[in-house]
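Visitor: Those protein sequence lines, which keep their order, are chains H and E. If you count by numbering that gives the first Met the number 0, then the first sequence holds residues 0 to 358, one letter each, in order. If you count by numbering that gives the first Met the number 0, then the second sequence holds residues 0 to 356, one letter each, in order.
Calculated from the structure, these hints are not laboratory results. Certain hints may be false.
What the hints assert, rightly or not - Pairs of lysine to aspartate or glutamate residues, derived as EDC-like cross-links and limited to a Cα-Cα distance of at most 16 Å, are as follows:
#1 H/K73 <-> E/D89
#2 E/K167 <-> E/E127
#3 E/K141 <-> H/E105
#4 H/K73 <-> H/E51
#5 E/K141 <-> E/D172
#6 H/K73 <-> H/E105
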Amino acid sequence: MNEMRDMRAAHTPASAFTFTGTWREFLPIALTNLLLTVVTLGIYRFWAKARERRYLWSRTHFIDDHLEWTGTGKEMFIGFLVVMLVLLPLFLAFQFGLQALVMRGEVAAAGALTLILYGGFFYLIGVGQFRALRYRLSRTWWHGIRGGSFQPGWSYGFKFLWKMFLGYVPASLLLPWSMVSLWNDRFNEMSFGPHQIEARADTDGLFGRWLLIYLAVIVGVIGALVLGFGIGASTGSTGAGITAAILAGLGLYVIVGVASLAFYAAYYRKVVGATSFGGLGFEFTARTADWFKLILGNIALVVLTLGFGMMFVGYRNWAFFVRFMEATGEIDLDHLTQSATSATSDAEGLADAFDIGAI
Amino acid sequence: MAEAWLYDGETAVRHAVEVEEAPCRLRIRFADGDTLDLGLDQLIHVESRSGHEVYGRPDMQGWRLGIPEGAVAQLAAVLPRRQRYGRLIDKVGLWPAVAACLAVSALVIFAGGKMPEWLAPHVPASWEKSYGDALVGDLGGKYCNGPGGQAALNKLALKLSPGAKDLKVRVVDIDLVNAAALPGGTIVVFEELLAEADSPDEVAGVLGHELAHVERRHVTQAMIRDLGLGLIVSAFGGNTGGSINGLLAAGYSRGSEREADRDAIAKLRAAGIDPLPTAGFFKKLADQEARLGGVAESLSYVSTHPMSGERQKAFTDSRQPGRRYQPALSRDEWEALFNICAFDPARKKAKSFNPFN
Chain H
0 MNEMRDMRAA
10 HTPASAFTFT
20 GTWREFLPIA
30 LTNLLLTVVT
40 LGIYRFWAKA
50 RERRYLWSRT
60 HFIDDHLEWT
70 GTGKEMFIGF
80 LVVMLVLLPL
90 FLAFQFGLQA
100 LVMRGEVAAA
110 GALTLILYGG
120 FFYLIGVGQF
130 RALRYRLSRT
140 WWHGIRGGSF
150 QPGWSYGFKF
160 LWKMFLGYVP
170 ASLLLPWSMV
180 SLWNDRFNEM
190 SFGPHQIEAR
200 ADTDGLFGRW
210 LLIYLAVIVG
220 VIGALVLGFG
230 IGASTGSTGA
240 GITAAILAGL
250 GLYVIVGVAS
260 LAFYAAYYRK
270 VVGATSFGGL
280 GFEFTARTAD
290 WFKLILGNIA
300 LVVLTLGFGM
310 MFVGYRNWAF
320 FVRFMEATGE
330 IDLDHLTQSA
340 TSATSDAEGL
350 ADAFDIGAI
Chain E
0 MAEAWLYDGE
10 TAVRHAVEVE
20 EAPCRLRIRF
30 ADGDTLDLGL
40 DQLIHVESRS
50 GHEVYGRPDM
60 QGWRLGIPEG
70 AVAQLAAVLP
80 RRQRYGRLID
90 KVGLWPAVAA
100 CLAVSALVIF
110 AGGKMPEWLA
120 PHVPASWEKS
130 YGDALVGDLG
140 GKYCNGPGGQ
150 AALNKLALKL
160 SPGAKDLKVR
170 VVDIDLVNAA
180 ALPGGTIVVF
190 EELLAEADSP
200 DEVAGVLGHE
210 LAHVERRHVT
220 QAMIRDLGLG
230 LIVSAFGGNT
240 GGSINGLLAA
250 GYSRGSEREA
260 DRDAIAKLRA
270 AGIDPLPTAG
280 FFKKLADQEA
290 RLGGVAESLS
300 YVSTHPMSGE
310 RQKAFTDSRQ
320 PGRRYQPALS
330 RDEWEALFNI
340 CAFDPARKKA
350 KSFNPFN
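So that you can see chain H by itself, here it is in the shape it has in the complex (with noise of 0.2 Å):
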């Protein structure tokens, strides 16, 4: 048997990534997951990803292999503790100083602190959206090779506080522009094994789909309020206005999220299909319906389960998020070497004080 040194992406006419987990096998560790978490007042949630990430990777095959998880539970439980051992004080310290600004009247002075509290907070959530990329990226491994980047992230997260901040100021009407470009930065400086990760999405097509947006809260807001008045008027009866009211707020909330999946699913394909490593294309295939689909089964997941679905909102997002991945072009396993990066143990913590995801 001869060794295979060249693995064609495309050369199956399934998809080069497939997700071979299933329910049955999974549930037993969503369960005692969940079992674990309770009795540890928390303190287990950081084995529970581990646990969770290392089936959902096992189960994920790209091209001719699987994934491997590699982080565990003492890592990103370690990571939490070093985070809140720097914001804690610091956030107390705030706290401190605020109240007693505001009792000693000084206004200004206390929302100075204020803004200096939020900007830092904004700096430190780039600076957890990068490390977080970093850390998973570095307990990937497929063939034995693994990710990382060499970049640490703080001027990551100085682009993050600008970017944001010029995309926000203008009614928001920027922020495709800066999403786009902060995943063309932060992707820019991960890297498998020996090759960088090159993403060069730009924002073409983007903007009517965020004006969308703009457009269903208009839309929404109107009807709501001719329904509500047309309604009131013609029976006479502000009851029956109010209700139609009511009933035309929560389709605007539906408009309005659809309108709102309509653009992410745009921004997905576009950004993922932008992103490259080492001869290797990718691509994003979901579509605004399959996003619909993925939320509202969670949701009715979670409501029909009185909550413990919960547990299984983690394996159908990584699902599909799998189904729906692609790649194309050629992979030279001779020069695909092992990663030269640190495998940095700072894990999760930053991302998960702020409670936002990697990707």
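Position chain E relative to chain H; hints supplied.
Guide: Using the frame of chain H, we list chain E on its own:
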């Protein structure tokens, strides 16, 4: 002899190899004829995936050997399977671990709840005072000092807590119908509370309540709870910042409030002050609680809770029929206290009231 695959952790090339069992070691034969002998103690079990048992080497990251399940029985028997739930839990077993965690968690919750009460008496008063001074200062110079007002207030406080040393009760020029005990033992009565009160008896009840908070060190307890619980509970959810924020808005416990009420009633009784006006005043306070602005919110643990009907009733019921009650302060003293801010020479506030109108 079994067919297997191997990654060396240096390149992504997948080597087809054959593995062969030997006593206490494993021989790996590469396609080019090279062999590698490994002691079983050099291998760890990583995971099972797609019909293969995957082994690794602790000294070589990324080195992976995949052997079809059951092909090398000895290996599976000797090498412990990798962690399942976590090292500690695997050692004791899932159910014993759950039981132990449950017991520890119950203890932590219980001790966590009691901790402020246990610790508060041991916090040196000087620490608390420095903390209070740093936090509150002199409230931006808003203390009122109209002629005779402070003397009347001190007299009232001493009447309620006879023999108390270091009583610091001040009136501040802030438009809140409230009174609060600050860290460090200072009690502040907000000016609007005096304006809303119809008699010194009403002020006496509120003051008695706050004095009890100070004497029982409830303020210290609340401070400890705010700091301590935040640390423990932040482990609960992912959004740590949010949960800390929520906790800082905690405040006195219900038990503390009840205790302070009991003490206040006892103080009024001992001082011979009618508790009925206080009951009426609490109702008024509760109605106005909703108006509390940002100041009260930012100083979360000093604001009082809305008064319940139960509390009003406790004060009403404590009235002793047939007892002759004395006014808490004389007419002149009440007038001086009432106008402590209006007549303060340092303030330019041209507002003065006659409380008896």
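Visitor: Does each hint hold? Answer for all of them.
Guide: Okay, the hints, checked on the actual structure:
1. Restraint check: the Cα-Cα separation between H/K73 and E/D89 comes to about 14 Å, which is no more than 16 Å; the hinted pair holds.
2. Taken as a hint, the E/K167 and E/E127 pair is honoured in the structure, with Cα atoms around 14 Å apart against an allowance of 16 Å.
3. Among the hinted pairs, E/K141 with H/E105 is consistent with the structure: their alpha-carbon atoms are about 13 Å apart, no more than 16 Å.
4. Proposed proximity of H/K73 and H/E51 is supported: the alpha carbons are some 14 Å apart, at most 16 Å.
5. Restraint check for E/K141 and E/D172: the C-alpha separation of about 5 Å stays at or below 16 Å, so the hint holds.
6. Among the hinted pairs, H/K73 with H/E105 is inconsistent with the structure: their alpha-carbon atoms are about 44 Å apart, more than 16 Å.
Hint compliance for this structure: hint 6 alone is broken.
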